[in-house]
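**Q** Chains as they are written, first to last, in UniProt numbering: chain A, 1 to 543; chain L, 1 to 453.
These are computed hints drawn from the structure, not numbers from a lab. Worth double-checking, as some hints may not be accurate.
[Said to hold, decoys possible] EDC-like cross-link-like pairs, simulated, lysine to aspartate or glutamate; straight-line CA separation at most 16 angstroms:
1. A:Lys519 - A:Glu192
2. A:Lys498 - L:Asp80
3. A:Lys519 - A:Glu320
4. A:Lys266 - A:Asp247
5. L:Lys230 - A:Glu149
6. L:Lys241 - A:Asp114
7. A:Lys303 - A:Asp515
8. L:Lys343 - L:Asp125
9. A:Lys501 - A:Glu540
10. L:Lys207 - A:Glu149
11. A:Lys130 - A:Asp114
12. A:Lys501 - L:Asp358
13. A:Lys536 - A:Glu148
14. A:Lys60 - A:Glu93
15. A:Lys536 - A:Glu39
16. L:Lys123 - L:Glu79
17. L:Lys241 - A:Glu302
18. A:Lys130 - A:Asp104
19. A:Lys303 - A:Asp246
20. L:Lys267 - L:Asp358
21. A:Lys159 - A:Asp114
22. A:Lys266 - L:Asp80
23. L:Lys230 - A:Glu93
24. A:Lys159 - L:Asp223
25. L:Lys207 - A:Glu96
26. L:Lys207 - L:Asp125
27. L:Lys90 - L:Asp74
28. L:Lys184 - L:Asp358
29. A:Lys402 - A:Glu447
30. A:Lys519 - A:Asp246
31. A:Lys519 - A:Asp247
32. A:Lys519 - A:Asp306
33. L:Lys207 - A:Glu148
34. L:Lys207 - L:Asp126
35. L:Lys90 - L:Asp270
36. A:Lys159 - L:Asp170
37. A:Lys498 - L:Asp126
38. L:Lys184 - A:Glu540
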Amino acid sequence: MRQAFAPLLCALVGLASCVGMIGDSGDERAAAAAFAPAEPTLHRLTRPQIQNAWLDLFGKPLTMPADLPVDDVLYGFSSISAARSTIAPVDAEKYENATYALLDQIFADPARRDALVGCPVTAVGEPCVKDFVASFTTRAWRRPVSEEEVTSLHVLSAKVATDLEDEAQGLKFALAAVLLSPHFLFRVEVGEPGDEGYRYTGWEMASRLSFLLLDAPPDDTLREAARRGELATAEGVQAQASRLLDDPRARVTLTRFFRDFMNIGKLDALDKQPDKFPQLSATLGPSMRIEMERMFENNVFEKEGDFRDMFTTRDTYVNEDLARVYGIEGITGPEWTPVTLPDDGRRAGILTTPGFLALNAHKTQTSPTHRGRFVRLNMFCQDIPPPPPGINTTLPEAEPGKPTTLRQRLDEHRTNPECAGCHEQMDPIGFAFEKYDAIGVYRETDENGLTVDSTTVVDGHPVAGPIDMAELAASLPEVGACIARRFYEHAGAHLAGKGDKNSVEELVADFVASDYRFKDLVLGLVTNDGYRYASKPSQEVKP
Amino acid sequence: MSARKIERPSRRLFLRGLLGGAAVAVGLPIFEMMLNGNGDAFADGEDIPTRFGLWFFGNGVHLPTWTPPTVGPDWTVPEDFGLAPLLPYKEYVSVISGLSVMTPRHPHHSGMSAVCSGGPHLKIDDVRDTIVSTMKYPSIDQVAAQYFQSLAPNPYKSLEVAVTRFRGTDEGTSFQHLSHNGSKSGETNVNPSEESPHAFFDRLFNKGAGSPQVDRARGSVLDAVSGQIKTLQGRLGAKDKQRLEQHLTSISEIESRLNLPIGECNKPDDPGVFPDLASNEQIAEKNKAVSDLVALALSCGLTRSFSIQYSTCGSGAVFWMVGATDGQHYMNHTEPAPYTKQKDAVRFTMGQLAYFLDRLKNTPDATGNLLDHSSIFVCTEHTEGWTHAQDDLPMLLCGKGGGRLRGNVHYRQEGGSASRALMTALRGAGLPLTEFGYEEAHTKERIAELETA
Numbered sequence: 001m002r003q004a005f006a007p008l009l010c011a012l013v014g015l016a017s018c019v020g021m022i023g024d025s026g027d028e029r030a031a032a033a034a035f036a037p038a039e040p041t042l043h044r045l046t047r048p049q050i051q052n053a054w055l056d057l058f059g060k061p062l063t064m065p066a067d068l069p070v071d072d073v074l075y076g077f078s079s080i081s082a083a084r085s086t087i088a089p090v091d092a093e094k095y096e097n098a099t100y101a102l103l104d105q106i107f108a109d110p111a112r113r114d115a116l117v118g119c120p121v122t123a124v125g126e127p128c129v130k131d132f133v134a135s136f137t138t139r140a141w142r143r144p145v146s147e148e149e150v151t152s153l154h155v156l157s158a159k160v161a162t163d164l165e166d167e168a169q170g171l172k173f174a175l176a177a178v179l180l181s182p183h184f185l186f187r188v189e190v191g192e193p194g195d196e197g198y199r200y201t202g203w204e205m206a207s208r209l210s211f212l213l214l215d216a217p218p219d220d221t222l223r224e225a226a227r228r229g230e231l232a233t234a235e236g237v238q239a240q241a242s243r244l245l246d247d248p249r250a251r252v253t254l255t256r257f258f259r260d261f262m263n264i265g266k267l268d269a270l271d272k273q274p275d276k277f278p279q280l281s282a283t284l285g286p287s288m289r290i291e292m293e294r295m296f297e298n299n300v301f302e303k304e305g306d307f308r309d310m311f312t313t314r315d316t317y318v319n320e321d322l323a324r325v326y327g328i329e330g331i332t333g334p335e336w337t338p339v340t341l342p343d344d345g346r347r348a349g350i351l352t353t354p355g356f357l358a359l360n361a362h363k364t365q366t367s368p369t370h371r372g373r374f375v376r377l378n379m380f381c382q383d384i385p386p387p388p389p390g391i392n393t394t395l396p397e398a399e400p401g402k403p404t405t406l407r408q409r410l411d412e413h414r415t416n417p418e419c420a421g422c423h424e425q426m427d428p429i430g431f432a433f434e435k436y437d438a439i440g441v442y443r444e445t446d447e448n449g450l451t452v453d454s455t456t457v458v459d460g461h462p463v464a465g466p467i468d469m470a471e472l473a474a475s476l477p478e479v480g481a482c483i484a485r486r487f488y489e490h491a492g493a494h495l496a497g498k499g500d501k502n503s504v505e506e507l508v509a510d511f512v513a514s515d516y517r518f519k520d521l522v523l524g525l526v527t528n529d530g531y532r533y534a535s536k537p538s539q540e541v542k543p
Numbered sequence: 001m002s003a004r005k006i007e008r009p010s011r012r013l014f015l016r017g018l019l020g021g022a023a024v025a026v027g028l029p030i031f032e033m034m035l036n037g038n039g040d041a042f043a044d045g046e047d048i049p050t051r052f053g054l055w056f057f058g059n060g061v062h063l064p065t066w067t068p069p070t071v072g073p074d075w076t077v078p079e080d081f082g083l084a085p086l087l088p089y090k091e092y093v094s095v096i097s098g099l100s101v102m103t104p105r106h107p108h109h110s111g112m113s114a115v116c117s118g119g120p121h122l123k124i125d126d127v128r129d130t131i132v133s134t135m136k137y138p139s140i141d142q143v144a145a146q147y148f149q150s151l152a153p154n155p156y157k158s159l160e161v162a163v164t165r166f167r168g169t170d171e172g173t174s175f176q177h178l179s180h181n182g183s184k185s186g187e188t189n190v191n192p193s194e195e196s197p198h199a200f201f202d203r204l205f206n207k208g209a210g211s212p213q214v215d216r217a218r219g220s221v222l223d224a225v226s227g228q229i230k231t232l233q234g235r236l237g238a239k240d241k242q243r244l245e246q247h248l249t250s251i252s253e254i255e256s257r258l259n260l261p262i263g264e265c266n267k268p269d270d271p272g273v274f275p276d277l278a279s280n281e282q283i284a285e286k287n288k289a290v291s292d293l294v295a296l297a298l299s300c301g302l303t304r305s306f307s308i309q310y311s312t313c314g315s316g317a318v319f320w321m322v323g324a325t326d327g328q329h330y331m332n333h334t335e336p337a338p339y340t341k342q343k344d345a346v347r348f349t350m351g352q353l354a355y356f357l358d359r360l361k362n363t364p365d366a367t368g369n370l371l372d373h374s375s376i377f378v379c380t381e382h383t384e385g386w387t388h389a390q391d392d393l394p395m396l397l398c399g400k401g402g403g404r405l406r407g408n409v410h411y412r413q414e415g416g417s418a419s420r421a422l423m424t425a426l427r428g429a430g431l432p433l434t435e436f437g438y439e440e441a442h443t444k445e446r447i448a449e450l451e452t453a
């Protein structure tokens, strides 16, 4: 990031520099930060994770309970929120209802139940049933269980069986105690001392890997690797991660990371004014999201290419929804067709996808500010503070009879020194994309018929328009570094702080050395010390 | 529901509730606040339980068409003012104006925590400027809930429900949720609002009665889970211990419900779902469904404390019925003066509040109606959306609080602490507070003008 303008702006507005590199404040730069990995924590299973965990235990067919707690998002990622949140009363209710709904499906069919258990459930005290409870719990809790833990489940099943005069029901309620347990609902990480420092246990590592790459609990091979202690070494972890990356579920899961990274899950509720945009349809929002996800999958899994190509490629996928926005004729229906968009200076990469452009715009109008802010924040990992309280943020109105472009109005806004400091960082990037309306349709003139100007200057670089901006983004080292950082934060489910500094730098270096191959970023991450090691859990409460 | 004699609470029970529950995050201040010098300042026994509600709407108002022109009893406003729809209910509504956020300010964040909890927001993590926060102290619906539970258990300690679809931003829990349990260390401890009237109906009224044996079995499972949580807590760091403390509380709430007779409720009709019509959210219809269900839940004693998140802090709900085409937050930053759409949106919103108050007023409760026996605090996180100003906060106190609240007063104090209003609202529900609020927002001044005695 070229900070050349920053001192000038500071002088102008008398504020501290608006933009800072995230996790890189001045004093940190001065002092070499010591390696201090995050503390281990409880990770509440996200919705897809808990569903996969249930499927892993019961197999298909399984009717998924519809009313599950919603995953909140923190810093863009449900993974980070899951490492912070608790289970509220209403959530506990939802888990309880869901658990019984699932168990009732299994127990309503004695043949299925007995197949799951491995023998007819005639008495909960029978060795076969007891063995099943132990193995079910081991799998559900993703670690070996203690004798004490199993015994208390046996006591519970016997008690309920007697009270209800129904042996199978005794078993059912014992399984409920397994599935409502914090050991199931959370990924529990405590860590252990190792030769080279405090680190995650093999079983914890197995779950870390499996949920990171597949959003699912460890499979038999991974469990075996944990049991043999193979996950204590970087090589052992890397071997398993390579294997999991070939699992088709890894596509879905890593694409989910990309969805969070680009915030495009929000496109499913695309909210635009229907009478302004004839291209709108009920499925346009999800289609926009899928297009971007397919670009990611193509880059990472088909081409195994340089991730920076995501900013410049004209290869994409369209269905009828997208074809209408792109103005491509002859594509009908919901099926996806790979296309190479024409080299006409109109489209290149994810920053010119309708999804990105629509998401960072308003219901009727574009928003250079939002588009620029997204790029600064999420692609450059820079930070923009919100407007200070007490400042009127309303844009000046156009004089009657003298229509102005949004850009002109924003330019005027930036003459206010209190606004300029930050808007100067956001708006110029967004101006490069002013040739796309609020749903991403290319245009030369705006809604008032005024010619749109998409030339701009970003951090001292003259930018001729959107393609230039996309190429600039692809060429900036900050962008590759930012993706690596965000993946690190998602994987570890915490923001990278001082103690992660070296780990992040190492990961970035790995990513660069691999010519920005995303799969290598994943392998670099799982072997990174910041991912494998932890700080001993603290008994002190610090905010 | 028949009138239930509320016993004088035991200090031990209340203390246990605080220590055993989520409010442990609060520590003892609240407990201490509720005691006078003799340690016995709890409420006198009351015949009819007073309910407490928090009704929140996001993004502030349009101040010139909000504040009643005169101060004192018998407020009124011109017909085009935001408060006009409340005029038919004004005997039950007091307007509070002029109060300020006393804690360090930040757009939306500080106002939200100040008006809902009486404390500062807790910025979590120190590695980004773009602030992400949660509430450091519990929102007042939870303060009331904790107190009510110490008097006599209700089937639900509190109920949380939302009207407009969640459209907040990713700046932390207070942009997504209303009810908070407080956070000591940056864990995010919220009570999510149910956004679907259908799911809310299902949760409260559509339960098959379990046999005593099945209830016992469920209880045994919950006991086992509680045991697992406690054992696990012993191995965890402080932060995770805290998080599991809430899980434990949540489990015990379900468990306590197994042993409680659920009030006699006439099962209402399923309100169904409310899909958008021509991309327009059916806000009035959802508000009606939610209001009806909350009134019923209160009337049959399912809970004494509730929160209604009409819209989130910094909400992006689209008030299409007043001609808005963009989400309110954006609209507030772009609509030129005289802010006609915001003005109309606020007036519409007060019309929705009026529906809820009407429902309560028309629901008999012992000798009067539900509104007679409620204290409902209505607030928003700042004054006007285009400035994020946090002085002269728009606030309402609705209901007669079981005779504790006067109603129909416009009270104004320029620059006073917002916590004064929160404290008065809680006092209106019978909480014996003589001080309230935290850190810079702490106050010992109630608003006596709004109280009867």
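**Q** Are the hints correct? Go through all of them and say.
**A** Status of each hint after checking the structure:
Simply put, Lys519 (chain A) and Glu192 (chain A) have alpha-carbon atoms about 29 angstroms apart, too far for the 16 angstroms limit, and the pair is violated. A distance of roughly 54 angstroms separates the Cα atoms of Lys498 (chain A) and Asp80 (chain L); the hinted pair therefore is violated under the 16 angstroms criterion. Straight-line distance between C-alpha atoms of Lys519 (chain A) and Glu320 (chain A) comes to about 31 angstroms, which puts the hinted pair past the 16 angstroms bound. Our distance criterion of 16 angstroms between C-alpha atoms is broken by Lys266 (chain A) and Asp247 (chain A), whose separation comes to about 27 angstroms.
Of the supplied pair hints, the one linking Lys230 (chain L) and Glu149 (chain A) holds, its CA atoms being roughly 13 angstroms apart against a limit of 16 angstroms. Straight-line distance between C-alpha atoms of Lys241 (chain L) and Asp114 (chain A) comes to about 38 angstroms, which puts the hinted pair past the 16 angstroms bound. Only pairs whose Cα atoms come within 16 angstroms are accepted, and Lys303 (chain A) paired with Asp515 (chain A) is accepted, the gap being roughly 13 angstroms. With a CA separation close to 37 angstroms, the supplied pair Lys343 (chain L) and Asp125 (chain L) exceeds the 16 angstroms bound.
Among the hinted pairs, Lys501 (chain A) with Glu540 (chain A) is inconsistent with the structure: their alpha-carbon atoms are about 23 angstroms apart, more than 16 angstroms. Of the pairs offered as hints, the one joining Lys207 (chain L) and Glu149 (chain A) is violated, with about 32 angstroms between alpha carbons and a cut-off of 16 angstroms exceeded. For the suggested pair Lys130 (chain A) and Asp114 (chain A), the alpha carbons sit about 13 angstroms apart, so the restraint of at most 16 angstroms is met. Taking the CA atoms of Lys501 (chain A) and Asp358 (chain L), the gap is about 58 angstroms. The hint is violated against a cut of 16 angstroms.
At most 16 angstroms may separate the alpha-carbon atoms for a hinted pair to count; Lys536 (chain A) and Glu148 (chain A) exceed this at roughly 26 angstroms. For the given pair, Lys60 (chain A) sits about 24 angstroms from Glu93 (chain A) by alpha-carbon distance, which is inconsistent with the 16 angstroms threshold. For the given pair, Lys536 (chain A) sits about 6 angstroms from Glu39 (chain A) by alpha-carbon distance, which is consistent with the 16 angstroms threshold. The suggested pairing of Lys123 (chain L) with Glu79 (chain L) is violated, with an alpha-carbon distance near 41 angstroms, which exceeds 16 angstroms.
A threshold of 16 angstroms between alpha carbons decides the hint, and for Lys241 (chain L) with Glu302 (chain A) the separation of about 44 angstroms lies outside it, so the pair is violated. Distance restraint check for Lys130 (chain A) and Asp104 (chain A): the Cα-Cα separation of roughly 20 angstroms exceeds the 16 angstroms cut-off, and the hinted pair is therefore not satisfied. About 14 angstroms separates the Cα atoms of Lys303 (chain A) and Asp246 (chain A), which keeps this hinted pair within 16 angstroms; it holds. For the hint pairing Lys267 (chain L) with Asp358 (chain L), the CA-to-CA distance comes to about 20 angstroms; that exceeds 16 angstroms, so the pair is violated.
For the hint linking Lys159 (chain A) to Asp114 (chain A), the alpha-carbon distance of about 21 angstroms lies beyond 16 angstroms, and the restraint is violated. About 36 angstroms separates the Cα atoms of Lys266 (chain A) and Asp80 (chain L), which puts this hinted pair outside 16 angstroms; it is violated. For the hint linking Lys230 (chain L) to Glu93 (chain A), the alpha-carbon distance of about 19 angstroms lies beyond 16 angstroms, and the restraint is violated. At roughly 13 angstroms between alpha-carbon atoms, Lys159 (chain A) and Asp223 (chain L) fall within 16 angstroms of each other, so this suggested pair holds.
Between Lys207 (chain L) and Glu96 (chain A), the direct Cα distance comes to roughly 13 angstroms. Compliance with the 16 angstroms bound is thereby established for this hinted pair. In summary, the hint linking Lys207 (chain L) to Asp125 (chain L) is not supported, as the alpha carbons are separated by about 41 angstroms, beyond the 16 angstroms threshold. A threshold of 16 angstroms between alpha carbons decides the hint, and for Lys90 (chain L) with Asp74 (chain L) the separation of about 8 angstroms falls inside it, so the pair holds. Between Lys184 (chain L) and Asp358 (chain L), the direct Cα distance comes to roughly 39 angstroms. Violation of the 16 angstroms bound is thereby established for this hinted pair.
With a C-alpha separation of about 14 angstroms, the suggested pairing of Lys402 (chain A) with Glu447 (chain A) holds against the 16 angstroms cut-off. About 10 angstroms separates the Cα atoms of Lys519 (chain A) and Asp246 (chain A), which keeps this hinted pair within 16 angstroms; it holds. At most 16 angstroms may separate the alpha-carbon atoms for a hinted pair to count; Lys519 (chain A) and Asp247 (chain A) meet this at roughly 13 angstroms. Taking the CA atoms of Lys519 (chain A) and Asp306 (chain A), the gap is about 10 angstroms. The hint holds against a cut of 16 angstroms.
Our distance criterion of 16 angstroms between C-alpha atoms is broken by Lys207 (chain L) and Glu148 (chain A), whose separation comes to about 35 angstroms. At roughly 45 angstroms between alpha-carbon atoms, Lys207 (chain L) and Asp126 (chain L) are farther apart than 16 angstroms, so this suggested pair is violated. The straight-line distance between the Cα atoms of Lys90 (chain L) and Asp270 (chain L) is roughly 31 angstroms, outside the 16 angstroms bound, and the hint therefore fails. For the hint linking Lys159 (chain A) to Asp170 (chain L), the alpha-carbon distance of about 47 angstroms lies beyond 16 angstroms, and the restraint is violated.
For the given pair, Lys498 (chain A) sits about 10 angstroms from Asp126 (chain L) by alpha-carbon distance, which is consistent with the 16 angstroms threshold. Between Lys184 (chain L) and Glu540 (chain A) the alpha-carbon distance is near 11 angstroms, which keeps this suggested pair within the 16 angstroms criterion.
Violation of the numbered hints given earlier is confined to hints 1, 2, 3, 4, 6, 8, 9, 10, 12, 13, 14, 16, 17, 18, 20, 21, 22, 23, 26, 28, 33, 34, 35, 36; the remaining hints are satisfied by the structure.
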